[in-house]
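**Q** Next come the chains, spelled out residue by residue.
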Amino acid sequence: MTSAGTSENAAESRNASPQLAPADGGVTDVDPHKAFGSKNAPIIMEVFSDFQCPACKTLFLTTNRQLMDNYVTTGKVYLIHRDFPLPMHAHSRVAARYARAAAEIGKVEPAEKALFENQEKWEQSGDIDGTVAAVLSSADMTKVRALVKGGTLEPLIDKDVQLGQMYRVNQTPTTVFHSKGQTYPYSSAMSYEILHQFLDQLLSQK
Amino acid sequence: MIEASPWNLRRVVLWIGRLLLGGIFIYAGYSKIFLPNKNLWPFFILKFSISLNLGNFRDQVEAFKMLPPWGVQFVAHTLPFTEVILGFLVLIGWRLRIWASLLTFIMIGFFVVVLRAYLLHMNINCGCFATPEPIGLRKILEDAALSGLAVLMTIFAFVEARQPHPWAAAEKARDSLPAR
Numbered sequence: 001m002t003s004a005g006t007s008e009n010a011a012e013s014r015n016a017s018p019q020l021a022p023a024d025g026g027v028t029d030v031d032p033h034k035a036f037g038s039k040n041a042p043i044i045m046e047v048f049s050d051f052q053c054p055a056c057k058t059l060f061l062t063t064n065r066q067l068m069d070n071y072v073t074t075g076k077v078y079l080i081h082r083d084f085p086l087p088m089h090a091h092s093r094v095a096a097r098y099a100r101a102a103a104e105i106g107k108v109e110p111a112e113k114a115l116f117e118n119q120e121k122w123e124q125s126g127d128i129d130g131t132v133a134a135v136l137s138s139a140d141m142t143k144v145r146a147l148v149k150g151g152t153l154e155p156l157i158d159k160d161v162q163l164g165q166m167y168r169v170n171q172t173p174t175t176v177f178h179s180k181g182q183t184y185p186y187s188s189a190m191s192y193e194i195l196h197q198f199l200d201q202l203l204s205q206k
Numbered sequence: 001m002i003e004a005s006p007w008n009l010r011r012v013v014l015w016i017g018r019l020l021l022g023g024i025f026i027y028a029g030y031s032k033i034f035l036p037n038k039n040l041w042p043f044f045i046l047k048f049s050i051s052l053n054l055g056n057f058r059d060q061v062e063a064f065k066m067l068p069p070w071g072v073q074f075v076a077h078t079l080p081f082t083e084v085i086l087g088f089l090v091l092i093g094w095r096l097r098i099w100a101s102l103l104t105f106i107m108i109g110f111f112v113v114v115l116r117a118y119l120l121h122m123n124i125n126c127g128c129f130a131t132p133e134p135i136g137l138r139k140i141l142e143d144a145a146l147s148g149l150a151v152l153m154t155i156f157a158f159v160e161a162r163q164p165h166p167w168a169a170a171e172k173a174r175d176s177l178p179a180r
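Order-wise, the sequence lines are chains A and B.
Following the working numbering, the numbering of the first sequence begins with 1 at its first residue and continues without gaps.
Following the working numbering, the numbering of the second sequence begins with 1 at its first residue and continues without gaps.
Rather than coming from a laboratory, the hints here were simulated on the basis of the structure.
Everything numeric in this text was worked out from a predicted model, so none of it was measured.
Here are the computed lysine-lysine pairs in the BS3-like style, where the Cα-Cα straight-line distance is at most 27 Å: (1) K149(A) x K113(A); (2) K180(A) x K38(B); (3) K143(A) x K121(A); (4) K143(A) x K113(A); (5) K159(A) x K149(A); (6) K76(A) x K113(A); (7) K180(A) x K47(B); (8) K149(A) x K121(A); (9) K180(A) x K39(A); (10) K65(B) x K121(A); (11) K76(A) x K159(A); (12) K47(B) x K76(A); (13) K76(A) x K38(B); (14) K180(A) x K76(A); (15) K159(A) x K113(A).
Label pairs and their in silico Cβ distance ranges: (16) L19(B) x D129(A): 54 to 62 Å; (17) A145(B) x T183(A): 36 to 44 Å; (18) G130(A) x L67(B): 34 to 42 Å.
We put the CB at the ideal spot given by N, CA and C, even for glycine.
Hey, can you work out the whole structure from these sequences and the hints?
**A** Structure, rendered in structure tokens:
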């Protein structure tokens, strides 16, 4: 997932604990480290996902890349990634912490990719630290570990969960689309073929 | 259609089968098509909702690892609508022998698939309704009971056609007489 310049610039201008900024379209509590694209995009997509969820893995690995290339970087969609660790997944909250920590230092893309690609391994072993360490430098990993242990990331994850509960999210992935004052929550993974037709229709609405 | 006449075991089973199985099939098909994403308007939203729901069902069918890709697509896009139509036809009792036979065939087929998954310890969720439910012994027993009811309903539908109740037979005989 490319940062489109947003995560990196935000990390430079902030301290260890990021501040949450309001976004357009009535969407609030946006962590700039986990948001991609232009805030002025006509469509806002909030994706609630769980790193231990197989359907979320499918969504990330099959749809996300094309979405980023064709809609996010072109300014059509503002993509916000929300953490929604499900209670039945033992390691998903820890995975969310590591992903957020990596996002803080501008390494969200390799960390999330590693977590989703190796989902079956770490959900058995619980070795999330090793999974993320395999794709980051030791210097970056030191920062990530410090952030995970620092405890500043937990309130951010809780905020995402509360927001999901407000939208009545009960499964992952759930994507909430915001366009022209309307909100459309959708559950389950969606193929890019279906998603791009929907986005094009939303964009063509007057 | 079944004429009004005194109850016997055969007719009770037929009515229970029609109501229960017809209703279950209608709900199963409806939930696959419209749940959990049920934003209905405008039309392109509805189309997107249905596509997502059927895509979700396609993943559940694929998880059983029994069909080639084209088979998975075919089942995912036809079975939910077939269930709704079949359930409705069985419920109203029109041409019951035909539709009850088809319903029983689907019911038994599904029971075999689920039983196979259970015996192979496949860690998948049953795609019966919109909300995934794990396959356990309880699910197997439920499906076995429903399959048994479907078989009985079909057999009794054929028996009823060949040996209608005397009251119903008398009405049919009267109806077949030329008008005076």
